[in-house]
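Trainee: Below, each chain spelled out in residue letters.
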Amino acid sequence: MSTLQRDPEKRVQILDEDGRVRDGATVPELEEDELLEMYREMKIGRHFDQRAVSLQRQGRMGTFPPMSGQEGAQVGSIHAVADDDWLIPSYREHAAVYGAGVDLAETLRYWMGDERGNQMDGQPVLPSTVPIATQIPHATGMAWASKLKGENRVFMCYFGDGATSEGDFHEGLNFAGVFDTPSIFFCNNNQWAISVPRERQTASQTIAQKATAYGFDGVQVDGMDPLAVYRVTKAAVEKARDPSEGERRPTLIEAVQYRFGAHTTADDPSVYRDDDEVEQWKRRDPIPRFEEYLRGKGILDDERIDAITSEIEAEVDDAIDTAESTDRPDPSAMFEHVYSEMPDRVAEQREAFEQLRDRHGDEELLE
Amino acid sequence: MSTLQRDPEKRVQILDEDGRVRDGATVPELEEDELLEMYREMKIGRHFDQRAVSLQRQGRMGTFPPMSGQEGAQVGSIHAVADDDWLIPSYREHAAVYGAGVDLAETLRYWMGDERGNQMDGQPVLPSTVPIATQIPHATGMAWASKLKGENRVFMCYFGDGATSEGDFHEGLNFAGVFDTPSIFFCNNNQWAISVPRERQTASQTIAQKATAYGFDGVQVDGMDPLAVYRVTKAAVEKARDPSEGERRPTLIEAVQYRFGAHTTADDPSVYRDDDEVEQWKRRDPIPRFEEYLRGKGILDDERIDAITSEIEAEVDDAIDTAESTDRPDPSAMFEHVYSEMPDRVAEQREAFEQLRDRHGDEELLE
Amino acid sequence: MSTQDQQSTTESLTLVQAVCEGLYGEMERDDDVLVMGEDVGKNGGVFRATDGLYEEFGGDRVIDTPLAESGIVGTAIGMAAYGLRPVTEIQFMGFIYPAFDQIVSHAARLRTRSRGRFSCPMVVRAPYGGGIRAPEHHSESKEAFFVHEPGLKVVVPSTPGDAKGLLASAIRDPDPVIFLEPKLIYRAFREDVSEEPYTTPLGEAAIRREGSDVSVFTWGAMAYRTVEAAEELAGEIDVEVVDLRTLSPLDTDTIVESFKKTGRAAVVHEAPKTGGLAGEISATIQEEALLYQEAPIKRITGFDTPFPLYALEDYYLPEAARIADGIRDVVNF
Amino acid sequence: MSTQDQQSTTESLTLVQAVCEGLYGEMERDDDVLVMGEDVGKNGGVFRATDGLYEEFGGDRVIDTPLAESGIVGTAIGMAAYGLRPVTEIQFMGFIYPAFDQIVSHAARLRTRSRGRFSCPMVVRAPYGGGIRAPEHHSESKEAFFVHEPGLKVVVPSTPGDAKGLLASAIRDPDPVIFLEPKLIYRAFREDVSEEPYTTPLGEAAIRREGSDVSVFTWGAMAYRTVEAAEELAGEIDVEVVDLRTLSPLDTDTIVESFKKTGRAAVVHEAPKTGGLAGEISATIQEEALLYQEAPIKRITGFDTPFPLYALEDYYLPEAARIADGIRDVVNF
Ligand SMILES: Cc1ncc(C[n+]2csc(CCOP(=O)(O)OP(=O)(O)O)c2C)c(N)n1
Ligand SMILES: Cc1ncc(C[n+]2csc(CCOP(=O)(O)OP(=O)(O)O)c2C)c(N)n1
Ligand SMILES: [Mg+2]
Ligand SMILES: [Mg+2]
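Residue numbers (the numbering used here), protein chains in the order written: chain A, 272 to 638; chain B, 272 to 638; chain C, 218 to 550; chain D, 218 to 550.
Take these hints with a grain of salt, some might be off.
Label pairs and their calculated CB-CB ranges [what the hints assert, rightly or not]:
(1) GLY393/A with ASP470/D: 54 to 62 Å
(2) ASP470/C with GLN626/A: 18 to 26 Å
(3) GLY330/A with GLY275/D: 37 to 45 Å
(4) ARG554/A with ARG407/D: 39 to 47 Å
(5) ASP589/B with GLY269/D: 58 to 66 Å
Worth flagging that the hints you see were computed from the coordinates, not collected in a lab. We put the CB at the ideal spot given by N, CA and C, even for glycine.
Just chain A, with the same shape it has in the complex (with noise of 0.2 Å):
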């Protein structure tokens, strides 16, 4: 497990910052198939995210966070996962959730304000977390109950650098150490908590070596790097499934990268950040540097890489229309799923509600 036992200050690394092989680095094995994957992957990402924005910018959609330059460790950690494995994300995570199974109408529909959109039925994913690291306790009881239960499975949960500094960070991952849960503890490091750097969230030189106090195991790796995640979260997902003598099942993991936009729409970063910076973690940007590698490696050239391109555009538009041709929630579902049964205070709410709208219709109420 020696990808996992390093000192938590050497990132792990394997491609450079042109898609090179470094030298001496262990390339994880993976299916030329599996390998397109990932880049279609993130190309998608990439462009959902770009579309996103600017659906937010025509006032078809709401407060949106943004993910480009975070595709690398996303897709290369989802991969790692079987399909029953969980997805514990934050409000993030779209490549990930998307790499689970998620169809990209229901993210949207969730970011239009649609409860729905967050249901996700049938896939291994617990709704979106906005409150910062509250989740971090749910992944731990959730991979807690399915040891008890005597399953195999493993639980990813997703942070970012922001979310190290909550109590609730603290809590979960002590809990994970002291039960020993099949746990991955995946901090998305984008360098930035909204304004606030990484430098002033915590005095920790890494926030790998943050697991130290929880008795297992903390790595850092280059989260731009797909490859190098991919090998990093599988070394974990292996040990959390089946450690060997002595050895504590849950990892902390540290992605480092950057967020190459806003923190969300409603985000101005040139308040607080400088351009250079940007543009000095922009050469690292996962999305060529992984091309270059499968160019390389023979399996990508441009044809391919058009063909992708008009099939993820495709699929977007499609996400889009489908979030948009959704009739939007009935004003009444506000009531429901409240509790497993209506009480009647609540009942009898929706009874005024409704006679309220019928008198006035929607459109002079909500003016």
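Fit chains B, C and D with the ligands to the given chain A structure using the hints.
Mentor: Only chains B, C and D with the ligands this time, still in chain A's reference frame:
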């Protein structure tokens, strides 16, 4: 600063179990008077503890948390700080708080259910905190405020091993690391959080190593050796006051020790731990060890011990008399100090309450 | 009053023993039920509410956790989402606040957020209320916080029989339930309780004493005191005492019906007056039955001050005399 | 309405600008005042409520903290105990819960616990309420939680002038103040506000519109909507609109006086009905002025459901039509 930079897993020890200086250990330089005062404070801590427990048994006091076994850590650490450094205790640091200048009678009054015992006017001590770990951010904030004011004080915060699992431990220490506050986080690891043993509290091998997550030093010390505790704390105090280049002010100290008695007078430890374990730890009892050391140095003999014993017995007797002879708080005191000025509604409630008391008399009212 | 089978053998239990029996019965019935919290395992709980469970069901189902309330409730939410039925213990209600975010932001909302795909069949048990000479923060009764959060149910038993039956209902309930146990009466009296598991329905108040002059709505330890005060007033005033038992959802029907009969009401609770549930109940009554109202509804409550250290706590809690005087005020208006 | 000096020069400000001006003025006046929270420094706050303060006062007084609400409030309590006057920002009220324990167990109690030796002159600011198409947890209005905790003050401004003056009072107040800013009207309109620092006293309601038929009590963004509804009803019903401004302590005198004049009342708030402050106000009125009451007091509030995602939020918030209909119900009873 070698005392603090050593591997957190290597416990600092000076005296062996028989009170002899270990080979190669550096004994801190302390005046005879101070050594004797430390001895006296440890003795009074132990004696106070026993008397307090019996007061509770006799129904003269409510629930009380005894601290026998932990005198070495409390007295060793409090002697390392200056008179105007601050103490932010939990609820078990009776000896440390006494060492900081608070009358035992005050501590008794507090445990007799009278807030006035918690006031400690004039002493650099924050009132006891009962909700576990919640005082840790306060300590960080006070230290930070002091630093902002340009003072050069140190803020010593005490808490238990169980407290390290709470989110507030994490957040408080993380803030201290980021804002580089003159803080000492002093963990009285007494092996138990009520019935939960240290190993079930966290999978981390030591508590000291948790400092790694916050980018500052952590050190483990024999908490039943007041000299070792003194030395380690002194080094932390000096560093907090005046760190050298690149060094950080805060320190996490893990003082390894044992609570000989029950968690509180409401607790029965025989349900969850073996007498054997207790007996083993009693061999490291800080009082006889320190006594032997002082005898060996020729500054303590039977006569002196007898004199100290009578003196402290008288002092504790006095404190109990004082506490018990103080008037019980005026019932209407409840309504005071809720706000700086009493709001109308509170004043009305006080008025109604006074009328109720007048109408019925206290005896009938409380029957 | 409860659906316990009158035929089955009974045992005489205190309220805290009935809680323990309730846990035992549900754990036997359903392997998915587990108990977790600080000191609930080997120690059997600081009030012995989980006594013997660890020995019976082992450390995988009776779990001593690290000292971290958000961690306890947060991991339990994950377990509940994954199909288990965790019963968490918060050692004292005053220590529930570190878990407040997990309770209100997640337990209460998981069902809504996922449009019913996930639910959170979890119980958060906590000893609650004052009167046992405990240190600071050990005597709170802030049920109103939880009642104001849609998606939660809130239950307070006041008898051993109810404690067992309501706890069983809470555990079997598909939604998160905050289950507050009045520790002042944990051991104050015994009651014959059926040995078999049974449920007492949530959402139904119990009329503890019928009366025609005034309705007094209360719960928890105050239900007991209120009945005492009512008995003392008997002859002078005929008091109806309604023990609400479930505070969310409130049994508005029973409240309003009782009030329509008497036209006068008081509410008794330990929590501070301002923002306490007495306000909610009073407001509901005047909404639903103003035309029946013959006197202001009296709120007989704790004061708008922090709960004092124990030297004064008996003055803080509504005493039988304060309750009786309050009831007299309502009747003599 | 506020004590701002009518002589001094004024500037036309939105509510959020007035908050920023208020902070600026107090920081200039008193070196002990500092601002801390997530993104309040370089970024000037996600709503720009601290815009320019970092440049003006530097990083020691305008502090970007790590992402940890309990840490923010907990360290601020320590600072306040040590003589500073921290103004913390919680980015949205829905994220205040991780700090709930520090607020209720410590900020609210430090004075009591130390019998007045220590105090906690701290302000916790938070943008609050719905209506801006924000994600989950960004639209809460749970002021009732804080009103139920003795030792806290709770303030909600609804105009730029009040925002500046009430914030100044909150900062100068020796006790902890929860200061909730209705973000729906952060930029909805402008008002001329004195450039000089001034205070608007806490604990005093403002009558926004005099009327004789019915009193409507409200605050925050709903104050604005209620005045709109009242204007629409003018001619039909003469509505008095009372903006409570301070929710703890409540200005019971003004509430009761207005009610005695009209004999009818409604309360409008965004929070869920059950356990919301409308209940407290309704209960208080019937306690103090039952004999004046001519109709049930109507609670026009958010529903007893979690705040929905934004597609439905406009249906959740009391609309002008719902408010007007509710007022009609009261008058036509
Ligand atoms: C408990 C809580 N506090 C504050 C916020 C507001 N907020 C949303 S995202 C964010 C920054 C998160 O940073 P990080 O964890 O690094 O994740 P990133 O957004 O960079 O992916 C903040 C402060 C929140 N959502 N939840
Ligand atoms: C937030 C909180 N949760 C639970 C408790 C109940 N409680 C009191 S002391 C204690 C154990 C504390 O253990 P530790 O931190 O090791 O300190 P020790 O008592 O051993 O000195 C617990 C669980 C509390 N006081 N506060
Ligand atoms: Mg980030
Ligand atoms: Mg301990």
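Trainee: Take the hints in turn and mark each one as holding or not.
Mentor: Results for each hint:
| no. | hint | in the structure |
| --- | --- | --- |
| 1 | GLY393/A with ASP470/D: 54 to 62 Å | holds (59 Å) |
| 2 | ASP470/C with GLN626/A: 18 to 26 Å | holds (21 Å) |
| 3 | GLY330/A with GLY275/D: 37 to 45 Å | holds (39 Å) |
| 4 | ARG554/A with ARG407/D: 39 to 47 Å | holds (46 Å) |
| 5 | ASP589/B with GLY269/D: 58 to 66 Å | holds (60 Å) |
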